[in-house]
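Colleague: Sequence:
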Amino acid sequence: MRALYSAICCLFLFSIGASAQNSGDCRTAIPVCADAPILSFTDGSGDIDDFDPEVITQSGCLEKGSVSSANIENNTSWYVFRAGTDGQIGFDLEALPVTPGGILTSELDFALYGPFDQTTGQNFCTIVGDGSAQPIRCNYEVNDTGFTGIGVNPVNGREGAPFVKGSQNTYDEWLDVIAGEIYYLYINNYNTNFDGDAEPFSLTFTGSSVDEDQNTALDCTLRDEFLGLDIIACEGDPDIILSALNSPAGPAIANVTWELDADDDGTYETVLASGPAATEITVTSPNSGRYRVTIETTLATIITDDILITFYGVPELDEVRVIDDLVNSDQTDPYNIEVVPLGDGDYEYAINDGEFQDDPQFFDVPPGINTVIINDKNGCGTTEPIEFLVVGYPKFFTPNGDGIHDNWNVLGIETLTNPTVYIFDRYGKLLKELDINGGWDGTFNGRQLPSSDYWFRLDYNRDDEGVVVARSVRRHFSLVR
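All the letters of the sequence shown, read from the start, carry residue numbers -20 to -1, 1 to 461 under mature numbering (1 follows the signal peptide of the UniProt record, and there is no 0).
Watch out, some of these pointers could steer you wrong.
[As the list claims (entries may be wrong)] Here are the simulated distance ranges between beta carbons:
1) Thr65 x Ile366: 25 to 35 Å
2) Phe336 x Arg455: 27 to 37 Å
3) Pro33 x Lys375: 40 to 50 Å
4) Asp338 x Ile83: 35 to 45 Å
5) Leu225 x Pro314: 53 to 63 Å
6) Asn235 x Ser188: 38 to 48 Å
7) Pro365 x Asp338: 42 to 52 Å
[Stated by the list, open to error] Computed cross-link-like contacts, DMTMM-like style, restricted to lysine to aspartate or glutamate with a CA-CA straight-line distance of at most 20 Å:
8) Lys357 x Asp29
9) Lys145 x Asp177
10) Lys145 x Asp219
Keep in mind that the hints were calculated from the coordinates and are not lab data. Quick caveat: nothing in here was measured; it's all calculated off a predicted structure. We treat Cβ as the ideally placed atom computed from N, Cα and C, and that holds for glycine.
Start from the sequences and build out the full structure, keeping to the hints where you can.
Modeller: Right, here's the structure in full:
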């Protein structure tokens, strides 16, 4: 359970007022609060592409450059915050020179995503990265004051407004928040994309909520979760770096211990690293589990935090369970199936090139060969179309010689044991006897029969819990000319 033991206020002020760690990845976004300026830097794009450079070329006002390596996320820094009260929030993002009094070489842009509900269990970084969640505030205008943000530019007093390209207004309008909402702030620096140098900045939260009480405007307890929010990753993803330096202790560390609860059952069975130099730990795919860090500070206080990291692979199909068809149920109109995947990922399903749905059950499935696709909603992959069979019969056929629906038979009959189909007219006259080969072409003694409803009886054997039982099904279908 996340907790902060015996930490004192001076530790908070030291870590927040001093240079902080940077995270170039959304999944390790650093939790922040509004009680002091945050000093950090942009220093690269992180280990993972939050925005696939071949797929996502724009997010809000942010655009991919003409150079492939430019991407949307060069020289980035990610933060996450939680609204502590209902009210108005903004921030001032100030680019700083690399050396005091030096030349300002960076020009900062930002995008703000949210609001997100932490109780939903969604992977927020996935829906940000795939474009499902677009920024609610975004600005990349030319910055001639060194400031960008939300609210009012402190240099020239210009009020923020909805983004308009070419407006040269580097501020967006105030943000109205509700307590408990989660927001992700993405900061980048396009001015020196390719030199690889860290570019410092200052982030200060503003707004009426901050003016009223900077300690409650944003939920400062989120900062106690300094390892970040729980991470969902894909097998094969780059390593995840967890850092104890993001804790309220800052660099005032006497000893660090990292532990792993691989089954997330409350038992930390493995000590992964320990010692004053063990300030970071690398988590590699596919080592899922709950990771806990315990920090002893130089002031004899103890700080602890934990984070659940779950790796998912490409989805796999266990089975397609046929709930209703000619051989599984007396309820055979319509036919219903349920897709059963392997694993416990966050999946969605589509059959026969249709739309994806969260529900693994599909109703009114056509008889015969169908296909199913399983997609992992965390972005960990999609199966190829997988065929499955529903035993049933076409409701009509059109024997007109065009090669489409010219013959009629029970679809999937070849999977049954000793099947025979008898076709009758409405008066009960036997017209045709069918087996697994061929089908009925709509004739009797070489004469074409008229458009009408016809009846069939399907006889077959079925194994019911080890006992072979003779079964018979009677239905009707239409001949259309």
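Colleague: Please go over all the hints and tell whether each is borne out by the structure.
Modeller: Verification of the supplied hints:
1. Thr65 x Ile366: 25 to 35 Å: With a Cβ separation near 50 Å, Thr65 and Ile366 fall outside 25 to 35 Å, so the hint is violated.
2. Phe336 x Arg455: 27 to 37 Å: holds, 32 Å
3. Pro33 x Lys375: 40 to 50 Å: holds, 49 Å
4. Asp338 x Ile83: 35 to 45 Å: Given range 35 to 45 Å: violated, Cβ gap about 53 Å.
5. Leu225 x Pro314: 53 to 63 Å: Holds, since Leu225 and Pro314 (Cβ atoms, about 59 Å apart) stay within the stated range.
6. Asn235 x Ser188: 38 to 48 Å: Check passed, 42 Å falls within 38 to 48 Å.
7. Pro365 x Asp338: 42 to 52 Å: violated, 19 Å
8. Lys357 x Asp29: Distance of about 17 Å is within 20 Å: holds.
9. Lys145 x Asp177: Violated, at roughly 28 Å.
10. Lys145 x Asp219: violated, 37 Å
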